[in-house]
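Peer 1: Sequence:
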Amino acid sequence: MLEVLKVIILGIVEGITEWLPISSTGHMILVDEFMKLNVSAEFMEMFLVVIQLGAILAVVVLYFPKLWPFCSPGNGWIKKDTWALWFRVLAAVLPAAVVGIPFDDVLDEMFYNPWTVAVTLIVYGVLFIVVENHNRGRRPRVDSLEDITWPLAIGIGLFQVLSLIPGTSRSGATILGGILLGASRGVAAEFSFFLGIPVMFGASLLKIIKFGFAFTAAELSLLIVGMAVAFLVSILAIRFLMGYIRKNDFKPFGYYRIVLGVLVLLYFIFMK
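Throughout, this note's numbering is defined as the position within the sequence shown, counted from one, plus 20.
Among the hints, a few may not be true.
[What the hints assert, rightly or not] No more than 25 Å apart at the CA atoms, straight line, and that leaves these computed lysine to any residue pairs for SDA-like:
| id | residue 1 | residue 2 |
| --- | --- | --- |
| 1 | Lys56 | Lys271 |
| 2 | Lys56 | Thr136 |
| 3 | Lys227 | Val24 |
| 4 | Lys227 | Val181 |
| 5 | Lys56 | Lys267 |
| 6 | Lys26 | Pro134 |
| 7 | Lys230 | Lys86 |
| 8 | Lys227 | Ser241 |
| 9 | Lys86 | Ile174 |
| 10 | Lys271 | Val162 |
| 11 | Lys86 | Lys227 |
| 12 | Lys271 | Val181 |
| 13 | Lys267 | Ile149 |
| 14 | Lys271 | Arg259 |
| 15 | Lys230 | Gly120 |
| 16 | Lys230 | Glu23 |
| 17 | Lys26 | Glu152 |
[Claimed, not checked] What follows is a set of in silico ranges between Cβ atoms, one per label pair, in the way DEER data are often shown:
| id | residue 1 | residue 2 | range |
| --- | --- | --- | --- |
| 18 | Phe290 | Ile98 | 53 to 61 Å |
| 19 | Leu252 | Ile228 | 36 to 44 Å |
| 20 | Leu25 | Asp163 | 40 to 48 Å |
| 21 | Trp170 | Val126 | 41 to 49 Å |
Keep in mind that the hints were calculated from the coordinates and are not lab data.
Built from N, CA and C at the ideal position, the CB exists for glycine as well.
Construct all of the structure, not just a fragment, from the sequences and the given hints.
Peer 2: Structural data, given as structure tokens:
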């Protein structure tokens, strides 16, 4: 029962942090430092990635009308704008796939630790503040998903490569990149959500294959509970974020990242 409670907490953390630009993987690594699940290291490595499937299903549910590329026969069967958006999403995924798939083990070995998380939390927190100050008073060139061009999509995809380092935040890197390249906060956030669909499915499949599908009944139960909690919390987090950015900028998230990063550094310098 205690392990289930820990998984519920991890699901809540995942659901909140996956969509806010504050790094879900970073937070999950940090939570794991203080609240260890009684599972193997191999299962935990897989769990921290696959639990994100619950979060991504929230995007599919909330944005299904925008994501589903087919319509009624009377309207021509297909939605051309939706297909165009999907092709741009897939193009934006390629840079991270090209780097992430062959170097997955190397990246985990080099960067999957609290020190890296702390530094990247601080660095990208500062960048959020700098970018928002730089863009103050400027009108974005792209105000709708339909206006996303191939160069903009690929440019955001290149920013997504940065998120392969834990603590960066996939949503943070892509939203920051989108804003820098001329997209509005809302468009950058939604495109970031859609990018997460193939990225997280691909990353989860890769981790499950590496784990070997060798789940015990207890492990499978923990994974399902974590994904379910992440799904429910993600729906609330996405709705909050989209409502928040209509009237506010991302600087508070930048300050949060800096404070958390400093606290983590101090903890591991003086307490470990």
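Peer 1: Now tell me if each hint is right for this structure.
Peer 2: Tested hints:
1. Lys56 / Lys271: Judged against 25 Å, a Cα distance of about 32 Å means the pair is violated.
2. Lys56 / Thr136: holds, 19 Å
3. Lys227 / Val24: holds, 22 Å
4. Lys227 / Val181: Satisfied, since the Cα-Cα distance of roughly 18 Å is no more than 25 Å.
5. Lys56 / Lys267: violated, 39 Å
6. Lys26 / Pro134: holds, 19 Å
7. Lys230 / Lys86: violated, 33 Å
8. Lys227 / Ser241: holds, 17 Å
9. Lys86 / Ile174: With a Cα-Cα distance of about 20 Å, the restraint between Lys86 and Ile174 holds, given a limit of 25 Å.
10. Lys271 / Val162: holds, 21 Å
11. Lys86 / Lys227: Cα-Cα ~29 Å, so violated.
12. Lys271 / Val181: Cα-Cα ~22 Å, so holds.
13. Lys267 / Ile149: holds, 16 Å
14. Lys271 / Arg259: holds, 19 Å
15. Lys230 / Gly120: It holds: about 14 Å lies between the C-alpha atoms, which stays within 25 Å.
16. Lys230 / Glu23: Judged against 25 Å, a Cα distance of about 23 Å means the pair holds.
17. Lys26 / Glu152: At roughly 36 Å apart (the allowed maximum being 25 Å), Glu152 and Lys26 break the hint.
18. Phe290 / Ile98: 53 to 61 Å: holds, 59 Å
19. Leu252 / Ile228: 36 to 44 Å: violated, 22 Å
20. Leu25 / Asp163: 40 to 48 Å: holds, 44 Å
21. Trp170 / Val126: 41 to 49 Å: Roughly 30 Å apart at Cβ, these two residues miss the hinted range, so it is violated.
Checked against the numbered hints listed earlier, the structure breaks hints 1, 5, 7, 11, 17, 19, 21; every other hint is satisfied.
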